[in-house]
Amino acid sequence: MTTTEAGPVQEVGEIFDVTRFGGYTQFTVVAPGVARSFQPGQFVAVAVGGPHTSMLLRRSFALYGVKPGTEFAGTIQFVVAPHGRGTEWLIRQPVGTKLDLVGPLGVPFAIPRRPVPAVLVGGGYGSAPLLPLAERLIALGSDLRMILGAATADRLFGQLAAKRLVGAVTITTDDGSAGQRGRVTDPLPAAIEQLGAQVVYACGPMPMLRAVGAVAEAHGVRAQVAVEESMACGIGVCMTCVLPVRGEDGVSRFVRSCVEGPVFDAGRVRWADVGTLPPDLFGADGMGH
Amino acid sequence: MADLRTSLASLALPNPVLTASGCAAAGRELGQFFDVAALGGVVTKSIMLRPRSGRPTPRMAETPSGMLNSIGLQGPGIDAFLAHDLPWLRQQGARAVVSIAGGSTDEYVALAKRLYNHPVDLIEVNISCPNVESRGQVFACDPLAASRVISAVRRAAHPNTPVFAKLSPDVTDIGQIARAVADAGADGISLINTLLGMVIDTETLQPALGGVTGGLSGPAIRPVAVRCVWQVHRAVPHLPLLGMGGILTGKDALQFLLAGASAVSVGTAVFHDPTAPIRILAELEAELDRCGFASVADAVGFAHREPGTAPGSSRASGPGPSGPGASKSGASKSGASKPGIDPEEISA
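For the protein sequence lines, the chains are A and B, in the order given. Counting from 1, one number per residue, gives the positions in the first sequence under the working numbering. Counting from 1, one number per residue, gives the positions in the second sequence under the working numbering.
Everything labelled a hint here was simulated from the structure, so no lab data went into it. There's no promise every hint is true.
[Stated by the list, open to error] Label pairs and their calculated CB-CB ranges:
1. B/Pro130 - A/Thr276: 13 to 23 Å
2. B/Leu205 - A/Pro278: 21 to 31 Å
3. B/Leu205 - A/Ala110: 36 to 46 Å
4. B/His304 - A/Pro94: 46 to 56 Å
5. A/Ala139 - B/Val212: 47 to 57 Å
6. A/Pro278 - B/Glu203: 17 to 27 Å
[As the list claims (entries may be wrong)] What the simulated footprint calls covered on chain B by chain A, stretch by stretch (three residues with Cβ under 8 Å from a Cβ of chain A suffice, anywhere in the stretch; the number is not a length):
7. 80-92
8. 257-271
[Said to hold, decoys possible] Partial chain A-side listing against chain B, Cβ under 8 Å, derived:
9. Gly7
10. Gln10
11. Val12
12. Gly23
13. Ala47
14. Arg58
15. Cys233
16. Gly236
17. Met239
18. Phe254
19. Val255
20. Gly275
21. Phe282
22. Gly286
23. Met287
Where is the CB? At the ideal position from N, CA and C, for every residue including glycine.
Modelling step: build the complete structure from the supplied sequences, incorporating the hints.
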């Protein structure tokens, strides 16, 4: 696994471009500090609502399209779907708007030292962080396949970029409005088998990640998944974005998906216990009062 | 430039801005963004005797100008804290205010004893916890239970370490609780903790938080916090106060000093802006200068004085400033144009 040691920065970035793709809005933002040490899988936390906002919590978005910058200042890209007041404010912002950013944040995807065949699975705009990951893996000489899925065609993201990068891209939609009707996990077993994949990378909604993890496990391959968990701070101080995760020591703990994730080995996440307090979790016995 | 030095009982601080418990972990994460030693101090997340998993998710809901949290004091326990977190704070040269929490008086005492031989600058006792020996009654809501914990911690802690009681605003008469903990030997008071709140998800038709109820924080509670600091300063004028509750700017921090706090903690603002404590410190310094206060000490409790008093002029020892702030406040009759009492921004 390769990482650079530079940590996150807080900087004011200016929106350079806004492009709509179906139900999504893609932002390109001048943010050389965030761009500098970016690794695929990392995210940016964006303050929303302007200088006198009543929305205190940052919104977190996976990064892609990062250009560290040479003669031009470095830029980042992230994609936004309207979920509530904060994201609705964000997608109304025009080119030139200044955004308060903190990033790059989180643990990136683990990149193998040698090229290994890999399947990349994206749900909705979960495809975004897979694009720079695909670039990195291709540069290593890995054989790749991508499976991108969504509920409907307008909820797909990044198909064109994925096809340009990888070529072999399978599209699924729940309603059959694009690609084959069904779930991303339908074509996944065949993709793993045909490619002889040794690793599956995925990003998308939690139920999809859980299902991808189960398919990977059944094939005896590792799955690295980036979770979309709601976060208040993004930097590891608020403890709101925790997931029950089994550690290397076999002990399960609530771990922060912002700093110990968002990328986890799917086999370590206790998917069935998300949203509960499993009695065997480290420190659960200390909750007696 | 105003003299920013202040003190919390016997603890001298280079400036009056600290982090707030539960909003800065043990400082390390914020250390990526600024030098934590540049603050008045770092107040740690409340430490308990044993490791705590915390509550199930969802643990957070955004509310207008605030947030609701239901973390359940997730933490590694005192041993891991002493092994990993406290040494880091010391290495940075930061002043370490250690928040402790327990379910019984004995647990608080055990924590104070564990801290006895460690370099702790101040102990903040989080008494907004359910008392297992009293059917879950929150210590901070019962003057007797609150005073028992504080007097026991005061006796168990190192005599040179100030002990502050952190009060809950969810009480009928916060002055009564303040007098109770003062009589029990508290060296000072931190206030306020979060207000108990609740959000119901209108999609699921169920409580939004895994823990059902949660603590409300952020600018939404600031007027409540300023009121509490004001009342507690009147109730126990001899005790130093560490004020907190929705501080987002230097002007906000100034309100707490004027109400009677000797220092302030910045909490939820950190989630919005990781460098907020440092920015607020700089803004507060500018505000003190603008108002003509020569020092933090001159501003503490100033709003309790007779209207028309010039900042700094009441202290026989110090030479009163003759800056524009001083003359303006002396001349002004209307509160609205008086420095430091700008009308509240309703949107904030």
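### Task
Could you check the structure against the hints above and give me the numbers of any it violates, in ascending order?
Per hint list: 7, 11, 12, 19 violated.
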